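Trainee: Here the protein sequences line up with chains A and B, keeping their order. Once you know that position 175 of the first sequence is 175 in this note's numbering, the rest is easy, because the numbers rise by one and skip nothing. Once you know that position 237 of the second sequence is 237 in this note's numbering, the rest is easy, because the numbers rise by one and skip nothing.
These are calculated hints, taken from the structure and not from any lab test. These numbers were taken from a predicted model, which means no experiment stands behind them. Just so you know, even glycine gets a beta-carbon here, dropped at the ideal spot from N, CA and C. Take these hints with a grain of salt, some might be off.
Said to hold, decoys possible - The calculated lysine to aspartate or glutamate pairs, modelled on EDC-like cross-linking and capped at a C-alpha distance of 20 angstroms, are:
1. Lys280(A) x Glu112(B)
2. Lys15(B) x Glu72(A)
3. Lys76(B) x Asp346(A)
What the hints assert, rightly or not - Computed Cβ-Cβ distance ranges for the label pairs, DEER-style:
4. Arg86(B) x Ala352(A): 20 to 28 angstroms
5. Arg341(A) x Lys2(B): 36 to 44 angstroms
6. Ala352(A) x Gly69(B): 44 to 52 angstroms
7. Thr11(B) x Gly287(A): 49 to 57 angstroms
8. Thr233(A) x Asn173(B): 53 to 61 angstroms
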Amino acid sequence: MRSLATALAVGLEVALILLLVGLSTGMIRENSRRMSGVGADIVLQPPNSSLVLAASTGAMSVKIADLVSGIEGVKDVAPVYLQFNTSGGMGLIWGIDQESFNRITQGFIYLKGEGFQGPDDVIIDDIYADGRGLGLGDQLKLMNHSFRVAGIVEHGKGSRVFIPLGTMQRLVGTPGQATMMMIKCHRQSDIAGVQDQLGRRLKSYPTFDMSSFAAHIEEANRDFGPLKYFTNTVVFIATLIGFFIIFLSMYTATTERTHEIGILKSLGAPQGYISLLFLKEALLLGGLGFLLGLGLTFGGRFFFRLLMPTLQHQLPPEWLLYTGALALFSAGLGALYPALRAARQDPIDALAYE
Amino acid sequence: MKTILESIELTKIFKTGKIEVAAVRDVSLKVREGEFIAIMGPSGCGKSTLLHLLGGLATPTSGRVLVDGEEVSSGKDAVRTDIRRRKIGFVFQRFNLLPTLSAQGNLEIAQEIHRNGSRDRQHVDEILNLLGLEKKTHHKPSELSGGEQQRLAIARAVINRPAILLADEPTGNLDTRNSMVVLKMIQELNRALSQTILMITHNPEAANIANRLIEMRDGRIVSQQQEGGWNAAEDRMPL
Chain A
1 MRSLATALAV
11 GLEVALILLL
21 VGLSTGMIRE
31 NSRRMSGVGA
41 DIVLQPPNSS
51 LVLAASTGAM
61 SVKIADLVSG
71 IEGVKDVAPV
81 YLQFNTSGGM
91 GLIWGIDQES
101 FNRITQGFIY
111 LKGEGFQGPD
121 DVIIDDIYAD
131 GRGLGLGDQL
141 KLMNHSFRVA
151 GIVEHGKGSR
161 VFIPLGTMQR
171 LVGTPGQATM
181 MMIKCHRQSD
191 IAGVQDQLGR
201 RLKSYPTFDM
211 SSFAAHIEEA
221 NRDFGPLKYF
231 TNTVVFIATL
241 IGFFIIFLSM
251 YTATTERTHE
261 IGILKSLGAP
271 QGYISLLFLK
281 EALLLGGLGF
291 LLGLGLTFGG
301 RFFFRLLMPT
311 LQHQLPPEWL
321 LYTGALALFS
331 AGLGALYPAL
341 RAARQDPIDA
351 LAYE
Chain B
1 MKTILESIEL
11 TKIFKTGKIE
21 VAAVRDVSLK
31 VREGEFIAIM
41 GPSGCGKSTL
51 LHLLGGLATP
61 TSGRVLVDGE
71 EVSSGKDAVR
81 TDIRRRKIGF
91 VFQRFNLLPT
101 LSAQGNLEIA
111 QEIHRNGSRD
121 RQHVDEILNL
131 LGLEKKTHHK
141 PSELSGGEQQ
151 RLAIARAVIN
161 RPAILLADEP
171 TGNLDTRNSM
181 VVLKMIQELN
191 RALSQTILMI
201 THNPEAANIA
211 NRLIEMRDGR
221 IVSQQQEGGW
231 NAAEDRMPL
């Protein structure tokens, strides 16, 4: 029973890490996919902006769109204002100029309703609508402002929630500003030339070819300081918990089995043999805990999907290996002292232990 | 016959705070190959401590122990363990079997330790047959009678053919009938296989089957009887 409880505790350590990493990876990749789904060829960002879109605070004038439109090879430009929202759920809300955005994306595929009819209208995608049980005409509170659901669209184009650009600028208090320009070129062969021109005319404004933008976003998010430190801290604490659980379990086991250790010593078992017995047992518990942790992770993922369908969970394979190694490492380290203590017992004292 | 076990002026003093108790005092003893020696004496006279010293389970305060020419009284645990593994088999009053393993498992683990990992299933079966435990192969110790447990403990002690078998009151926990069975088995090991045996006992009948009887008192050997009559120990305390 104690072994099972120990393995389960190691499993919780594993599940905690995998759920956290899976959720952050899932959200990052899902955002990247949706960015790619917009259909733009180039993304232009203001100076000092970040590829971690939720944390990017830079803004630029929407008039830059006119300048960009004049560059040879540019077909359309759509200014977008991205804002991280925490009221009524976490996520990025896109403020869009519907007309230009439709030109870039070839338009939304409406499952219900239509585009913005007024400044307080919101367009949401089907996953967001299903997850929150929203229908046409329902009120949705975002950024401390009430919106009316005007349209429900097929998911995959930028965000899950869109509001008019003007409303976004008013709510954020940055009139005439955008955080990103989505640029569509006439031909694929124009992309490099347009980027070159943008680099000359808007020197400090970073541009990204959309074909590599998703990879850039993933990399930037992975290296994003706060997220990285948070993940590392959770991994460290979870590993520490695993270590202490195994330590306590093996310490108790070696104390309970003192008499058996005495028997092994009387048979001539060397210290290495006895240490290895307990280390092997701890590693077995670590391995079993890892498998239980995988089960808990997949169970947790299923549970998350039921509760919050908009949350995406994706397990990077390297993290499976990494977490497995961590579970075994914490198990081995936790068992080290109890195993050595067991091996160094005096055989007569151990044999006399009741 | 060659000397298989020798103790030279062996002394063991236990300290409890400032109080010192000499459990074994200047015991010198030679055991020849194939001998069967019984050690008797009142409780607390140092019989078990002597056995632990001879078997390398404990280190002496002074003096030496040689098993088959190798010094087992060294302070190093690894050295004592190694000699114990290769040369000595123990049988205890409390059987000391591993409770989670079957009869077969208890024998196999002794083999595994002795042979650094390898096992010989055939030899295990031979020993179990020899001791009449062939039908109890898969039984756990808790499913065996006291006599069967002690037979299994003896089987475990001799499975690696040790140079010497040290038995600490092997019949102490058994009824008369089982005691006789176990003693007969020990005697048979000595007679048929020339197994050198040193056995502690309180039971005069058990002592009678040995070739030599040593009596201890207050940590010293006070008399020895070689098949035929009592001889006073050279260095002895008055009876």
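Trainee: Now tell me if each hint is right for this structure.
Mentor: Structure-based check of each hint:
Of the supplied pair hints, the one linking lysine 280(A) and glutamate 112(B) holds, its CA atoms being roughly 16 angstroms apart against a limit of 20 angstroms. For the given pair, lysine 15(B) sits about 98 angstroms from glutamate 72(A) by alpha-carbon distance, which is inconsistent with the 20 angstroms threshold. As the CA atoms of lysine 76(B) and aspartate 346(A) are separated by approximately 12 angstroms, the hinted pair is consistent with the 20 angstroms bound. As the Cβ distance of arginine 86(B) to alanine 352(A) is approximately 25 angstroms, the hint placing it in 20 to 28 angstroms holds.
The beta-carbon spacing between arginine 341(A) and lysine 2(B), approximately 40 angstroms, falls within the hinted interval of 36 to 44 angstroms. At roughly 30 angstroms, the beta carbons of alanine 352(A) and glycine 69(B) sit outside the given window of 44 to 52 angstroms. In this structure the supplied range 49 to 57 angstroms holds for threonine 11(B) paired with glycine 287(A), their Cβ-Cβ distance being about 50 angstroms. The hint said 53 to 61 angstroms for the Cβ distance between threonine 233(A) and asparagine 173(B), and at roughly 57 angstroms that hint holds.
When each numbered hint is compared with the structure, violations occur for hints 2, 6.
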